[in-house]
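S.K.: Take a look at the letters that make up each chain.
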Amino acid sequence: GNSVTQMEGPVTLSEEAFLTINCTYTATGYPSLFWYVQYPGEGLQLLLKATKADDKGSNKGFEATYRKETTSFHLEKGSVQVSDSAVYFCALINQAGTALIFGKGTTLSVSS
Amino acid sequence: KAGVTQTPRYLIKTRGQQVTLSCSPISGHRSVSWYQQTPGQGLQFLFEYFSETQRNKGNFPGRFSGRQFSNSRSEMNVSTLELGDSALYLCASSLGDDVAWFFGPGTRLTVL
Chain A
1 GNSVTQMEGP
11 VTLSEEAFLT
21 INCTYTATGY
31 PSLFWYVQYP
41 GEGLQLLLKA
51 TKADDKGSNK
61 GFEATYRKET
71 TSFHLEKGSV
81 QVSDSAVYFC
91 ALINQAGTAL
101 IFGKGTTLSV
111 SS
Chain B
1 KAGVTQTPRY
11 LIKTRGQQVT
21 LSCSPISGHR
31 SVSWYQQTPG
41 QGLQFLFEYF
51 SETQRNKGNF
61 PGRFSGRQFS
71 NSRSEMNVST
81 LELGDSALYL
91 CASSLGDDVA
101 WFFGPGTRLT
111 VL
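These protein sequence lines map, in sequence, to chains A and B.
Going by the numbering used here, the first sequence opens with residue 1, and the numbers climb by one from there.
Going by the numbering used here, the second sequence opens with residue 1, and the numbers climb by one from there.
I should point out that these hints are in silico values taken from the structure, not numbers from a laboratory.
Ideal Cβ placement from N, Cα and C applies to all residues, glycine included.
Mixed in with the good hints there might be a few duds.
What the hints assert, rightly or not - FRET-style restraints, in silico, Cβ to Cβ:
(1) S111(A) / E82(B): 36 to 44 Å
(2) Y30(A) / R73(B): 32 to 40 Å
(3) K1(B) / V82(A): 23 to 31 Å
(4) Q18(B) / Q81(A): 37 to 45 Å
(5) T110(B) / G29(A): 36 to 44 Å
(6) K104(A) / T110(B): 21 to 29 Å
What the hints assert, rightly or not - Heads up, simulated PhoX-like pairs for lysine-lysine below, C-alpha to C-alpha not over 25 Å straight-line:
(7) K57(B) / K104(A)
(8) K52(A) / K68(A)
(9) K104(A) / K77(A)
(10) K1(B) / K60(A)
(11) K52(A) / K104(A)
(12) K56(A) / K104(A)
Chain A extracted, bound-state conformation (with noise of 0.2 Å):
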């Protein structure tokens, strides 16, 4: 079946450092790709998305590339910021488009 596994957490990182989040996925076919940010206390926001291979989503200096040789789709930023600390998550979505699968999520805490 589906399943994403992205890298466990907490990531510390000192302002301005370069971010890495790893993420795979196990999928029939090639599912569009998400990474969603949850900030404390709230929903989830879409940060980018993918929708075939070699894609790159991008937004706010994030990026990630759909790379489907290696099934990954690993999250980039090269400069973080104290206001980046949340919890990021990688999901694919089922090939009827109807319900996301989501990865245990990353804690991102960046310091100043």
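Following the hints, position chain B against chain A.
M.R.: Same frame as chain A, but now just chain B:
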């Protein structure tokens, strides 16, 4: 355009009671889905509706049910509450022909 709204934001119930949660999707969105978020199990899909029809259901007991109205608003009901039902319940909406899902702030349910 207003985002997904959920009411109430917080609920406290006791074991054995039932509860109804409400979700209003983004205007124009015809699909609504529900997720349960707990520290132990993470984000788990409950069910999805499109034009008042349930198209998909996750692996939850029959105590969990939902419905969608003609204006796309949705409700979910949990009967005979158990302590393990304590969770953040998230609603998401989508246009129905797009893979992007947008989440509400959630309803925090505490079962005592």
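S.K.: Holds or violated: are the alpha carbons of K52(A) and K68(A) at most 25 Å from each other?
M.R.: holds, 9 Å
S.K.: Given the hint of 32 to 40 Å, is the C-beta distance from Y30(A) to R73(B) inside that range or not?
M.R.: For Y30(A) and R73(B) the Cβ distance comes to about 33 Å; the hint holds.
S.K.: Does the alpha-carbon distance linking K104(A) and K77(A) stay inside the 25 Å limit?
M.R.: Status holds; Cα separation ~20 Å.
S.K.: Against the 25 Å threshold, does the CA-CA distance of K1(B) and K60(A) hold or violate the hint?
M.R.: holds, 20 Å
S.K.: Against the 25 Å threshold, does the CA-CA distance of K52(A) and K104(A) hold or violate the hint?
M.R.: holds, 23 Å
S.K.: Taking 36 to 44 Å as the stated bounds, is the beta-carbon spacing between T110(B) and G29(A) within them?
M.R.: holds, 40 Å
S.K.: For the hint 37 to 45 Å, verify it against the beta carbon of Q18(B) and that of Q81(A).
M.R.: holds, 44 Å
S.K.: Could you see if the CB distance from S111(A) to E82(B) stays within 36 to 44 Å?
M.R.: holds, 39 Å
S.K.: Given the hint that K56(A) pairs with K104(A), test it: the Cα-Cα distance must not exceed 25 Å.
M.R.: holds, 22 Å
S.K.: 21 to 29 Å was suggested as the range; check whether the CB atoms of K104(A) and T110(B) agree with it.
M.R.: At roughly 22 Å between Cβ atoms, T110(B) and K104(A) fall inside 21 to 29 Å, so the hint holds.
S.K.: Need the status of pair K57(B), K104(A): alpha-carbon distance at most 25 Å?
M.R.: holds, 20 Å
S.K.: Mind checking the hinted window 23 to 31 Å against the Cβ distance between K1(B) and V82(A)?
M.R.: With Cβ atoms ~29 Å apart, the hint holds.
Checked against the numbered hints given earlier, this structure breaks none of them.
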